[in-house]
Amino acid sequence: MEFETVMGLEVHVELSTKTKIFCSCTTEFGGDPNTHVCEVCTGMPGTLPVLNEQVVEYAIRTGLATNCEITQYNKFDRKNYFYPDLPKAYQVSQLYLPICRNGHIDIEVNGVKKSIGIHEIHMEEDAGKLIHDPWDDCTLVDYNRCGVPLLEIVSEPDFRSGEEVIAYLTKLKQILQYIDVSDCKMEQGSMRADVNLSVRPFGQDEYGTRTEMKNINSFKAIARAIEGERARQIELITEGKKVVQETRRWDDNKGSSFAMRSKENAQDYRYFPEPDLVPIEISDEWIERVRKSLPELPTEKKERYMKEYKLPEYDVDIITGTKALVKIFEEANAVCNNPKEVSNWIMVEVLRLASETNTDPDDISFDPKNLGVLINLVKNGVVNRNTAKEEVLAKMFSDNVEPEQYIKDNNLQMVSDDSLVRDIVTSVIAANPNSIEQYKEGNEKVVKFLMGQSMKQLKGKANPAVVTKVLEEELAKL
Amino acid sequence: MKITDEMIDYISQLARLELSGEEREKGKEEIGKIIDYMDTLNTLDTTDIEAMSHAFPVKNVFREDVVKPSVDRDIITLNAPQKKEGCFKVPKTVD
Numbered sequence: 009m010e011f012e013t014v015m016g017l018e019v020h021v022e023l024s025t026k027t028k029i030f031c032s033c034t035t036e037f038g039g040d041p042n043t044h045v046c047e048v049c050t051g052m053p054g055t056l057p058v059l060n061e062q063v064v065e066y067a068i069r070t071g072l073a074t075n076c077e078i079t080q081y082n083k084f085d086r087k088n089y090f091y092p093d094l095p096k097a098y099q100v101s102q103l104y105l106p107i108c109r110n111g112h113i114d115i116e117v118n119g120v121k122k123s124i125g126i127h128e129i130h131m132e133e134d135a136g137k138l139i140h141d142p143w144d145d146c147t148l149v150d151y152n153r154c155g156v157p158l159l160e161i162v163s164e165p166d167f168r169s170g171e172e173v174i175a176y177l178t179k180l181k182q183i184l185q186y187i188d189v190s191d192c193k194m195e196q197g198s199m200r201a202d203v204n205l206s207v208r209p210f211g212q213d214e215y216g217t218r219t220e221m222k223n224i225n226s227f228k229a230i231a232r233a234i235e236g237e238r239a240r241q242i243e244l245i246t247e248g249k250k251v252v253q254e255t256r257r258w259d260d261n262k263g264s265s266f267a268m269r270s271k272e273n274a275q276d277y278r279y280f281p282e283p284d285l286v287p288i289e290i291s292d293e294w295i296e297r298v299r300k301s302l303p304e305l306p307t308e309k310k311e312r313y314m315k316e317y318k319l320p321e322y323d324v325d326i327i328t329g330t331k332a333l334v335k336i337f338e339e340a341n342a343v344c345n346n347p348k349e350v351s352n353w354i355m356v357e358v359l360r361l362a363s364e365t366n367t368d369p370d371d372i373s374f375d376p377k378n379l380g381v382l383i384n385l386v387k388n389g390v391v392n393r394n395t396a397k398e399e400v401l402a403k404m405f406s407d408n409v410e411p412e413q414y415i416k417d418n419n420l421q422m423v424s425d426d427s428l429v430r431d432i433v434t435s436v437i438a439a440n441p442n443s444i445e446q447y448k449e450g451n452e453k454v455v456k457f458l459m460g461q462s463m464k465q466l467k468g469k470a471n472p473a474v475v476t477k478v479l480e481e482e483l484a485k486l
Numbered sequence: 036m037k038i039t040d041e042m043i044d045y046i047s048q049l050a051r052l053e054l055s056g057e058e059r060e061k062g063k064e065e066i067g068k069i070i071d072y073m074d075t076l077n078t079l080d081t082t083d084i085e086a087m088s089h090a091f092p093v094k095n096v097f098r099e100d101v102v103k104p105s106v107d108r109d110i111i112t113l114n115a116p117q118k119k120e121g122c123f124k125v126p127k128t129v130d
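Protein chains in written order, with our numbering: chain H, 9 to 486; chain X, 36 to 130.
One or more of the hints may lead you astray.
With a straight-line cut-off of 27 Å between C-alpha atoms, the simulated DSS-like cross-links for lysine-lysine are [unchecked claim]:
#1 H:137 to X:118
#2 X:127 to H:96
#3 X:63 to H:87
#4 X:124 to H:96
#5 X:68 to H:87
#6 H:300 to X:124
#7 H:193 to X:103
#8 X:127 to H:262
#9 X:94 to H:87
#10 X:103 to H:137
#11 H:96 to X:94
#12 X:118 to H:96
#13 H:26 to X:103
#14 X:119 to H:137
#15 X:94 to H:477
#16 X:103 to H:96
#17 H:26 to X:94
#18 H:96 to X:119
#19 H:222 to X:124
#20 H:87 to X:127
#21 H:137 to X:127
#22 H:222 to X:127
Because the hints were derived from the structure by calculation, they are not lab data.
Assemble the whole structure, with the sequences as input and the hints as a guide.
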């Protein structure tokens with residue numbers, strides 16, 4: 009029997025606000041345990057939450073960027089459960105009136121376009137971190153992350169393959185980074201995905217029993233988790249067994265998932281309206297103001313780059329796919345106004361350096377304007393292209409040097425003085441009588457060798473066109 | 036409404052309460068009364084009354100996104116029955 013996989017995603021993203029959702033503690037990542045906490049986020053009795061307006065603003069921005077309707081009257085609810093990662097024994101979330109609904113994100117897999125529905129987006133608070141202490145066989149709780157604002161983005165069960173899931177997550181990440189609401193760093197946990205998955209025989213209308221896999225923290229792990237869970241469910245069904253609706257944890261090291269304890273699965277959250285927070289009313293003006301402030305989104309940007317700059321689709325996909333590369337492209341291009349060159353430098357040189365040094369494009373630290381400056385220096389014949397690539401850009405990449413200053417300090421200016429080039433070329437000719445013999449016998453290949461020798465003597469600082477010209481002149485004299 | 040043994044066991048499990056036999060019986064009776072009171076409320080005609088989520092006519096109470104100092108860790112953990120390495124120490128919780 010052939011099976012179809014049906015999936016829906018719940019994606020949690022931490023918002024890039026400066027403070028937590030209900031108190032003024034910093035949201036900064038890291039820090040010693042329990043140093044970013046106060047009475048509110050540790051759930052001390054008698055404290056009251058006050059909503060961070062920026063969270064609402066970011067939620068509206070996200071909703072508009074994902075084609076959602078904004079719920080103009082919305083409020084918070086309490087989700088009750090006992091677990092030490094939440095000191096209040098409840099999480100403030102939104103069940104009945106989530107802030108965004110009925111959106112969609114368009115994806116493309118192997119040339120096929122598809123729209124993935126967004127059921128809702130709601131605001132909630134993140135939980136603290138539990139650390140297992142094997143020494144005392146106990147659990148240690150750090151509440152630094154507790155109260156960091158989250159958006160939970162719930163898709164419709166529209167996915168039929170792992171590729172679609174990855175395409176959606178990639179697009180969602182791009183959008184969220186473009187609109188500056190989250191840095192979406194999966195490895196730091198600021199973007200986490202839960203996958204709801206079921207299988208059914210092709211042609212069947214009803215959904216099969218689904219399982220939920222929690223908190224998978226890389227795109228690769230998600231792809232593996234989907235493959236693993238799909239195979240497990242199909243095996244159960246073909247053996248005549250039943251899939252149990254449960255929450256499972258994917259263990260990426262073992263390459264298999266296991267059921268979380270059933271007690272924790274007893275999900276009865278007893279939601280009720282949060283009495284400590286007043287309702288939120290979002291006016292038409294507020295929505296319009298946010299709509300106007302939205303930047304160009306990935307799809308629009310991609311189309312514009314292709315049309316306006318006539319860049320190849322592949323390059324545009326890579327550049328517009330990462331906000332950090334867009335920033336480099338746009339700022340460098342603003343300096344040198346040479347989109348083709350900037351794109352080439354990013355695609356070939358910048359990404360090569362990034363991969364050689366294992367640097368995430370988000371962490372590239374040179375001033376993007378300097379790439380534009382460097383491109384101008386090459387164009388104006390101040391520095392040789394190879395030197396620019398291999399020495400100057402590498403140094404910009406590692407130490408954020410100013411290209412002009414660095415070239416000056418290290419004496420890397422291109423030698424455009426013909427007489428100096430001529431001196432070197434004649435000395436190379438004089439030093440290689442054998443090659444000259446061969447040249448006279450009609451061996452053109454030695455010209456390359458002589459050229460190489462001359463460039464070497466000129467320490468790569470000469471304009472190759474000038475050297476070629478001088479060399480040809482000198483050889484002609486022989 | 037009659038609260039059954041299963042119901043009271045389920046509720047006490049959700050609330051992480053361990054009830055003695057006597058407490059269970061008392062709980063069954065009292066919760067039954069609360070549910071009965073809901074029935075009384077349900078007899079009221081609320082046709083034209085808008086659902087209300089909050090007792091006060093207040094909305095949009097916000098805070099600016101400005102960081103203020105957190106509370107010193109030694110103070111915030113002062114009431115913790117057990118602590119270790121700056122963390123609250125709790126019984127082993129399998130995740």
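Against the earlier hints, flag every one the structure doesn't satisfy and list their numbers going up.
-> 6, 15
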